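J.: Put chain A with the ligand on the given structure of chain P with help from the hints.
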Amino acid sequence: MRRAAVLGTGQTEHRTRRTDVSMAGLCREAIDRALADAGTGWDQIDAVVLGKAPDLFEGVMMPELFLADAIGAAGKPLLRVHTAGSVGGATGIVATSLIRAGVHRRVLAVAFEKQSESNAMWALSIQPPFSAPITAGAGGYFAPHLRSYIRKYAAPDHIGALVAVKDRRNGALNPYAHLRQPDITLESVQRSPMLWDPIRYDETCPSSDGACALVIGDQAAAEASSRQVAWIRATAMRTEPTFYAGKDHVNPRAGALAAAALWSAAGIKQPLDEIDVAELYVPFSWFEPMWLENVGFVGQGQGWKLVESGETRIGGALPVNPSGGVLCSNPIGASGLLRFAEAAMQVMGRAGEHQVPGAATALGHAYGGGSQFFSMWVVGRQP
Amino acid sequence: MDTLAAPLTIAFDYTRSLGPVLGRFMAGLRERRVLGARTSDGRVHVPPLEYDPVTHEPVTDLVEVSPTGTVVSWTWNPRPVEGQPLDRPFGWALIRLDGADTPLLHAVDAEDLNTGMRVRIRWSAQRTGHIRDIACFEPGESDISEISEEFEPVEIMTTPIRLHYQHTTSAEEDRYLRALEQGRIIGQRCPACRKVYVPPRVCPADGVAPDEVVEVADRGMVTTFCVVNVPFAGQRLTPPYVVAQVLLDGADIPISHLILGVEAADVRMGMRVAAVWRDRSRWSTTPENIDHFEPTGEPDAPYESYGEHL
Ligand SMILES: [Zn+2]
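These protein sequences, in sequence, are chains P and A.
For the first sequence, the positions run 1 to 383 when UniProt numbering is used.
For the second sequence, the positions run 1 to 310 when UniProt numbering is used.
Rather than coming from a laboratory, the hints here were simulated on the basis of the structure.
Please note: incorrect hints may appear among the correct ones.
Claimed, not checked - Label-pair distances were calculated between CB atoms; the ranges are: (1) GLU13(P) <-> GLU141(A): 46 to 54 angstroms; (2) THR238(A) <-> SER264(P): 27 to 35 angstroms; (3) SER131(P) <-> THR238(A): 47 to 55 angstroms; (4) GLN302(P) <-> THR238(A): 34 to 42 angstroms; (5) ARG118(A) <-> GLU13(P): 45 to 53 angstroms; (6) PRO182(P) <-> LEU163(A): 40 to 48 angstroms; (7) THR16(P) <-> ARG236(A): 26 to 34 angstroms; (8) GLY301(P) <-> ALA265(A): 25 to 33 angstroms; (9) ALA6(A) <-> GLN228(P): 53 to 61 angstroms.
As the list claims (entries may be wrong) - Pulled from the structure, derived: some chain P residues nowhere near chain A, Cβ distances all over 10 angstroms: (10) ARG17; (11) GLY59; (12) SER116; (13) GLY140; (14) PRO144; (15) LYS152; (16) PRO175; (17) PRO182; (18) ASP248; (19) GLY267; (20) LYS305; (21) ARG313.
Just so it is clear, the structure is predicted and the values come from calculations on it, not from any experiment.
For each residue, glycine too, the CB sits at the ideal point set by N, CA and C.
This is chain P alone, in the form it adopts within the complex (with noise of 0.2 angstroms):
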């Protein structure tokens, strides 16, 4: 297959509200800096690729229509992708596919969610008549797997605040996370009111404005970079309806089905032996020991002891989230692209203080939806 890689990245400020831009103002925050960072001009861009949670987040129909000026798609192809929460995610890996199947030498991929405009809290949760009014938000939906969890695998209950403990003060390290605590401890998060319970104030995502974007390049515009790229050495996606009698919301099988795919694609047999970072989806604390055994670093029900080791630390065996991940800034369309993005800034090795030393292989990973969706990429400082 033809070789991608990522040649530039860029993010955003992330903060609860950024009223002093619009939306493609946000965009554009990005994209300038990924493509200052990947030292590309506007004119060597061949298509931009666009990704964005659900419509009903912002208001905004097709923000793909009164965007495409400002994200440089005039004149060019321009392609929206849209698979809920793991959207950030799909639409790198969109991006990628358009490299590899030979179409395109650069592609600009671009995610964002202005979380200030709207409500994302209470969009999905529409009373259509003849439903239960029984609603609870996106907490109350995810609490419920995470109870599982604990009792499928006796895990302790300080596990939780345990990975927000750790990915806070990652955050701390990152200038561009929205919540970046130094200071917080264990205690601090237990102290913390019980919202869903089991899930603690302390170990839930903010609501972030922010976007992200990256530019993708064939072996050619990869090899006539003056900068560390990040190979791009496999990717997978992965789908299953919402619910289904007999689905596994503690292990969901499109998430396993993925990570095979890609574990296989990119050739590495021991994940935990062979990936120097991840960069997963947590946006309630409790999943990281969840998606560690989904992706298969650990077995089953071994996921909360990497945790409790503190082995998924900066400097542990496997660094999870050095940048704090969605637990320290959630603009739910862009939050997966920002996964594959800090994952690929680690490899090029311009991850700033929160660098994992000598990283030379990263996962991004992202899911949506009712753990619906699932996105994954292997990159590499090698191809």
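T.: What follows is chain A with the ligand alone, placed relative to chain P:
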């Protein structure tokens, strides 16, 4: 077959952060002034563009254009709908304002609309820095007054959005709701995987319509649950309360429902619960016929009996 149907309205007040260019445009409207953006090719765009479509650079050069212009093209709207600028028949027109190079789409309040017609802005009486500060256009020329001082850009604009649907149930949902009206809970079995879906639906795993109708019990077990401690707008109950996945006896997929009649802290996975129906006189074709579930006092179901439904 006529299945049950009812109207559904989705409405939210979204906001728009306008940024430096549109923020100045909206502030101009508040002062009865129209600003256009001059791009690198010398053209003036109204409404303004935030980024130059040729160079992709941010647009910084805003120039005032006239509130009078010429109809470039138009179409007639004989039956205005909710939210449109006028509540009587009007024309939608592309109007090129004097001084602008691109046409603006807006409503014209005129019965004899034609191409080449000169029209001017009819300003709203109350102007807030919103696109609605232009009420519509009307035939005629306007006087251009003195250019006023530079004004503070508008930062945020509110845009209420409403969508009206007719929600129609599927044959399976219709059957389920009509059974509920009689105080019965039915599921349907997938002919491929043999699983009983409650409420019945086309099997999400096999993609085939269910056939055999199966009556299931109005009692079952809690598989997993969430204790809601978060207050939010429109909440029915005071937190804490429990929203649980309830696997009814005879079903292969849980339904989501409230567990009441017990302290939230005492709800357990595997707890046996039964439906508490509303008073029979209030039954109709709605899942609300079941008000909530309550513990039955039976021994908890063993983990193995619900471990596959997590
Ligand atoms: Zn089936």
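J.: Sort out which numbered hints this structure fails and list those numbers smallest first.
T.: Checked against the structure, the hints that fail are numbers 2, 3, 10, 11, 12, 13, 14, 15, 18, while the rest are satisfied.
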